[in-house]
Amino acid sequence: GENKLAMYYYDLVLGLKVKNKKVDSAIYFNMGQVYENSEKDFLAYSYYNLANQNGDKGHLSLFKLGVLEFEQAEYSISNKYFNELKRYYKKSDILTFLVGVNYFHLGKKRTYLNKVLNQLDEKSVSRILLLMAIDISEGKNLENLEADLKNMDLKFKPHKEFKSYLLKNLER
1 GENKLAMYYY
11 DLVLGLKVKN
21 KKVDSAIYFN
31 MGQVYENSEK
41 DFLAYSYYNL
51 ANQNGDKGHL
61 SLFKLGVLEF
71 EQAEYSISNK
81 YFNELKRYYK
91 KSDILTFLVG
101 VNYFHLGKKR
111 TYLNKVLNQL
121 DEKSVSRILL
131 LMAIDISEGK
141 NLENLEADLK
151 NMDLKFKPHK
161 EFKSYLLKNL
171 ER
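The sequence shown begins at 1 in this note's numbering and counts up one residue at a time.
No lab work stands behind these hints, which were simulated from the structure alone.
Where a beta carbon is used, it is the ideal one built from N, C-alpha and C, also for glycine.
Hints are supplied without guarantee of correctness; some may be wrong.
Unchecked claim - Mimicking DMTMM-like on lysine to aspartate or glutamate, the simulated pairs with C-alpha atoms at most 25 Å apart in a straight line are:
id	residue 1	residue 2
1	K90	E122
2	K168	E138
3	K40	E2
4	K109	E138
5	K40	D11
6	K150	E138
7	K108	E69
8	K157	E146
9	K150	E161
10	K150	E171
11	K91	E69
12	K109	E143
13	K155	E36
What the hints assert, rightly or not - With beta-carbon atoms standing in for the labels, derived distance ranges:
id	residue 1	residue 2	range
14	D41	K150	27 to 33 Å
15	A73	N144	27 to 33 Å
16	K123	L60	26 to 32 Å
17	N37	K57	18 to 24 Å
Can you make the complete structure from the sequences, with help from the hints?
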């Protein structure tokens, strides 16, 4: 919670000019977190980018960059980051889901169906939500879909947000 103090210490360490990419990457990532928590997404983006360029070991900066691009409705750029991250986390359900959501927003149903849905378990919440999204966009079975969506008890924030988005689209 001491953002100013944290930034002061991070700046001091970077000022040492030790040139340790591992340390620099961690500090850049943490600085990105501080700026993101302070709702300074432009600065957060630049620090996540620096973390990525300096060999972010866990590649979490790619995830953060993808999310920030998504929030700016830059779905193609967001998918660039998520797909790069999928090279390291090939079986990640959430990454596959986020890529699918981006394809949905881009209106690329064929790509969406072929590349994304085949990677998800048939009973996964991610797959069910994405299939519902396709049906909603095509105007199929809307009354039942609305009831089904309202009855879904979701715990994961990206699932909840996409559910809310779909429900808002049904109201139009």
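Checklist entry - Which numbered hints does this structure break? => result none
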